[in-house]
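Protein chains in written order, with this note's numbering: chain A, 1401 to 1702; chain B, 5 to 303; chain C, 63 to 301.
I should point out that these hints are in silico values taken from the structure, not numbers from a laboratory.
If you're wondering where the values come from, they're calculated on a predicted model, not measured in any experiment.
We treat Cβ as the ideally placed atom computed from N, Cα and C, and that holds for glycine.
Careful, some of the hints might be misleading.
Claimed, not checked - Label pairs and their calculated CB-CB ranges: (1) C/246 x A/1566: 58 to 68 angstroms; (2) C/292 x A/1693: 15 to 25 angstroms; (3) A/1666 x C/201: 48 to 58 angstroms; (4) B/283 x A/1540: 50 to 60 angstroms; (5) C/201 x B/117: 49 to 59 angstroms.
To be verified - Which residues of chain B face chain A? A partial, calculated answer using Cβ under 7 angstroms: (6) 11; (7) 13; (8) 86; (9) 94; (10) 95; (11) 97; (12) 265; (13) 284.
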Amino acid sequence: MLDDHLIGVLSNMGMISFIALSAYLVLVVGEISFGQQAFFAISAYASGIASAMWGWPFLAAVLWGAAIAGLGGLLLAIPTLRIRGLYFAIATLAFAEMVRLALEIFTYQVEVDGELVGPDGSEGFRDIRYIYEADISAGEFLLVILGLLAVTLAIILWIERTRLGAILRMVGEDPALARLQGVNVNLAKIATVAAAGLVAGIGGALYAHLNTYVEPKIFNVMLGVHGLAYGLIGGLGTAFGPLLGVALDIGVLESTRAFSGYRMIVFGGLVAVLLIVRPRGLLDEAAVYRIRRFLLRKHAGD
Amino acid sequence: MADFLQNCLDGIATGAAYALLALGFTLIFGVLRRLNLSYGPSIMAGVFAGTALYMGFNAGLAEIAIATVIGAVVVGAYIERLCFWAIRKDMAVASMVSSFVIWMQIEEAVTLLFPDRTYAFPGILADAVVEFGPFFLRASSLAMLAIAAIAVLGLLALIYRTHFGLAVRAVSENPEAARVAGVNTGLVTFLAFACASALGGLAGFLIAAGDQQITPLFGLWATFKGLIAMMLGGMGSIPGAVLGGLLLGVVEANALWYLGVETRDLVAYMLLFVVLTFRPGGLMGQAALMARRAAESRV
Amino acid sequence: MLEVAGLVTNYGMIEALKGVDISAAEGRITCVLGPNGAGKTTLLMTIAGLLRPRRGSVTFEGRDITGASSTTVVRQGLALVPENRLVFPDMTVRENLVAGAYTRLASERGEAMADLDRMLERFPVLQARVNANAGTLSGGEQQMLAVARALMTKPRCLLMDEPSLGLAPLIVAEVFNIIRELNEAGTTILLVEQNAHMALTVAHHFFLLDQGRVAFDGDPGTMAEDEVIQRAYLGSAGG
Ligand SMILES: Nc1ncnc2c1ncn2[C@@H]1O[C@H](COP(=O)(O)OP(=O)(O)OP(=O)(O)O)[C@@H](O)[C@H]1O
Ligand SMILES: [Mg+2]
């Protein structure tokens, strides 16, 4: 059996992967978001409310949280349609901080089994006790995380191989050209940002239930920046890129404690250097193309 | 009404600090058409250099101010080389992300060197208060206002009255044409960055001296306040930076008074979000709209 | 005066110049012709220090300026009038001209300012709009401004990249008049043109650039006789 430390690390990697994938989706349509942590937060709260306060079953609570986060994505995408580049990035940052600060004053509690349960402003939201009540072990929960991640990843990879994927990339690379080709650029962007919210939301719901406790300050800008950086490290050519980024940072730097105490110095330096030499990450479009060709040739050779 | 006026007075005082921070931001944006999110942390590092001198050698105010400015400029130079000079000119967003990760680097380096939560900083005019009839203002705030005004005039003179300013404007308007005219764009950019960092160092010194303490969180605070103030006024606009800073100060002071401390920051971000989405050029409009088009380069 | 030998310049993996040899004789007008994408702009930008060559050399008045920065090149007395007349749109015409003299401001400010007045006399269209923002000038006026700004560096050799591009015939004639006058006043000129007919009226020597290589090198007489050039550049009018 896996030891507890390893289970913890893998669970962490799995949950953060959702934020990384979510930031990656926004990058695919050509924008940078510093604010995907907002959707992680929205869903953590919404799903926690559903399971701990309304007594919903776990999976329904996760889907509910993700749906609300997707709605949050719409709420961000529509007013920011007209702005791009630096402006969009700063708007996402402002949005995420608004969500975090709103959670700092958000209070909604009900009595469950004689105890007050629910978000209590900056005190946070305690007793999201589903996994204790259902007696789910950390190992089993890890399987849930990895299962949901695999499904999410499979859907994204599948979309990337379809015409829709090609359209989204075209919107990211050259929106004017996409528009000329008859693509509804606005719709593509709104839908992608909403989908990105939903993906981050799955991670947030899992996070709330694994930790049983969330507070607004967890969902600060640094969480979002990490999610974004993972895609930029791992590569923007494929959805495996952000996962590679997560594996490198959490899997190697954090879990081995190789640079404990000055990990951010190493991580920050690493990303900065990567942005210079490979601005679209390790697995960028060219690398993905080469790998794909290599695999095909090998396949043909067999 | 009296409350409101007193709030506005308080707001203008804090707003002067925001305006100073926004000025450096806007100078960097004006020249590079890129955002330096590590601006606050570089100032924070400078202030810590000052506090080290204060605690270690009991240095005087002038030495501390100089150390703060030098510290900010040195860290600023590091940021400029790594996040701006080394990254391709058409990748504004890569530079912004890079400056964000370097922010984390600076913050951790400072926390390693200064592990406590807060450090003392010498005050100037710390407890003095100036009264105007029923209203009052801290003397340090008044000094900050005066220095912000001087800084604006100085910056305007530098940009519109000197050879260096001409080069800065040339690079800002059309880097390639500037090179054709023989302007050393790399050097001009670097020097403009250094000027912005020096201005930031000065702002950091004044703010820390007003608070008489400094924490590593100062970097985050300075970046966000400066950024919001600049964007409210319009990126790249010097008068806009001042207007945005003062407006942010006044709005925050009133939000604090009428709505409470949790709501104050929320209101500031809402203001930013609304301005960004409905008037991306900021309040100073046109001048900044030009900059906007240039800034909208993509990933 | 200006010698370019074996010049190779790349954009990433693409080789835009594949070993170019050209020269511009002192006091002469040398013209480089070539189809779109031949590498003409790349050649001028490399000479002017805006691009770095992979291989080859650029020599100006006997001094090696290969890979020198644009600032150095300008100080040596070589100025570029770029393609698409890159002016500073939000600066006034006067400020544009002062910016042109940027390399001289520190050492010979007085002389530069005197040149500015002379320049405004020389170009009455600029005099008329001296305090207007350059972005509000017409295409022809902007071209004059770009030439005047390059002249503010006091060059001994002027590199001009398609100065007639997008201008009305009357203005084109005026631009070529200016080129001739500048040359008569002693400035060596290396001119890139698509308009071979106009070029024939002023140039003393021709080069034809094609796909990054020199395809022809000769004086106007030989060029007018060359069959390929006849067909490609002089069209029916030449035949
Ligand atoms: N910035 C660039 N990046 C990549 N390739 C470029 C770039 N600029 C030019 N090229 C390529 O280099 C080649 C030469 O271009 P160049 O601009 O020098 O041609 P030109 O002769 O000036 O053409 P024109 O007459 O259209 O101005 C062309 O194939 C062009 O596509
Ligand atoms: Mg050309």
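Hints, one by one, checked against the model:
no. : hint                               : result
1   : C/246 x A/1566: 58 to 68 angstroms : holds (59 angstroms)
2   : C/292 x A/1693: 15 to 25 angstroms : violated (47 angstroms)
3   : A/1666 x C/201: 48 to 58 angstroms : holds (53 angstroms)
4   : B/283 x A/1540: 50 to 60 angstroms : holds (52 angstroms)
5   : C/201 x B/117: 49 to 59 angstroms  : holds (58 angstroms)
6   : 11                                 : violated (20 angstroms)
7   : 13                                 : violated (25 angstroms)
8   : 86                                 : holds (5 angstroms)
9   : 94                                 : violated (10 angstroms)
10  : 95                                 : holds (6 angstroms)
11  : 97                                 : holds (5 angstroms)
12  : 265                                : violated (10 angstroms)
13  : 284                                : holds (5 angstroms)
When the structure is compared with the earlier hints, violations turn up for hints 2, 6, 7, 9, 12 and for no others.
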